[in-house]
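K.L.:
Sequence:
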Amino acid sequence: EVECWKQRELRDLEPVLLAVSDACKQINRMVQRAQTDDLYGVAVDIEGKPYDTNIQGEIQQKLDVVCNTIMLRAFCGCSQAICTVASEEEDTLRSCADVMGDAAYSVGRYVAVFDPIDGSKNIDASLPVGSIFGIYEKPAFQDSHDDNYLPQGRGLVAAGYCLYSATTVLVVTLGSGVDGFTLDPDRGVFLHTHPDIRIPSAGPVYSFNEANFHDFSEPVQRYLDALKDGSNPNRVRSNARYVGALVADVHNILINGGIYGYPATRNTPNGKLRLLYECNPMAMIMEQAGGAGSTGTGRILDVDVTEAHQRIPTFLGSIENVFELDRFVTTYSD
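Quick note: the sequence shown uses this note's numbering, first residue 364, plus one each step.
Some hints could be false.
[Unchecked claim] Computed beta-carbon distance windows for the label pairs: (1) P596 - D401: 23 to 31 Å; (2) T556 - D400: 22 to 30 Å; (3) H557 - P502: 26 to 34 Å; (4) A529 - R600: 34 to 42 Å.
[As the list claims (entries may be wrong)] Here are the simulated SDA-like cross-link-like pairs (lysine to any residue), alpha carbons at most 25 Å apart as the crow flies: (5) K501 - V552; (6) K388 - N431; (7) K501 - T628; (8) K501 - N572; (9) K635 - Y695; (10) K484 - G540; (11) K591 - H577; (12) K591 - E683; (13) K635 - R662; (14) K388 - R436; (15) K635 - E581; (16) K501 - Q673; (17) K591 - I618; (18) K635 - A603; (19) K501 - V520; (20) K484 - R662; (21) K635 - V552; (22) K388 - A603; (23) K591 - S564; (24) K501 - G540; (25) K591 - N572; (26) K635 - G518; (27) K635 - C441; (28) K484 - T628; (29) K388 - V552; (30) K484 - S469; (31) K501 - R457; (32) K635 - S469; (33) K484 - D401; (34) K591 - D697.
No lab work stands behind these hints, which were simulated from the structure alone.
Built from N, CA and C at the ideal position, the CB exists for glycine as well.
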């Protein structure tokens, strides 16, 4: 709220960010009560048959469906600032007029994107999950009624995520630093507990799914070997930490320093993470905290968005760790 008033051009986003925080509170309650309220497992229709897979080819979990609706309503229903939304669970971008059933909601100049419940399969094992969001501004020349417009990384004006874990933490940037807020469960409000978060310039943690190690490219394999045996330029043996939820793993890197990576593999040559609503928001957060976001060959926020669910190789973290990874890719690529 304070940042929106400091930056006059972002004042329209104040009700949006407040609505997002309320949505995170709702999702947090649902995550905590998933077992008792029968929200575990695969989403089924009234006949007890599983829903169709989403656009990612993934079987939707019950929480995926419910949390997607919460986030859609939060972004579109709080004001007229958002004109279009894109979700991991939706096939295409949707206008807020369509979501709300009212043409008055199509006049905004911002596009909101989100992954409503990242790592939803972790819920069944009571492991951390999270929500990711980003807000892009449409260029002045762009028709606000054009629902097919694909926002680019350079148009991102706000980004954040909410981690549902031992504590519930909301991390937000509006382009002037990164701040963290912890949910007080007794009062039901987010408290400003992490002002001006700065990621260490280098860190001892790496977060990769090493089950895919032999499917990674040679440069990435060499880099991971160097981290494990201490032959990297920092001469420090790194520690592996991997939860399997992007928000949880990236938050760990943001606080402690190091590198998160989801490289391309033989089966996913373009990577697995989605550029529009996962990679770009996380890259903005990392850069605003003094870190970096790279594809291994360039800056994530400079990648052209060509489709809503476009995937890219992703490396996020401390600037020295990411720079070192990029050097391995340059040195050992064919």
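K.L.:
Would you list, in rising numerical order, the hints stated earlier that this structure does not obey?
P.N.:
Of the numbered hints given earlier, those the structure breaks are 1, 4, 5, 7, 8, 10, 20, 21, 22, 27, 30 and 32, listed in rising order.
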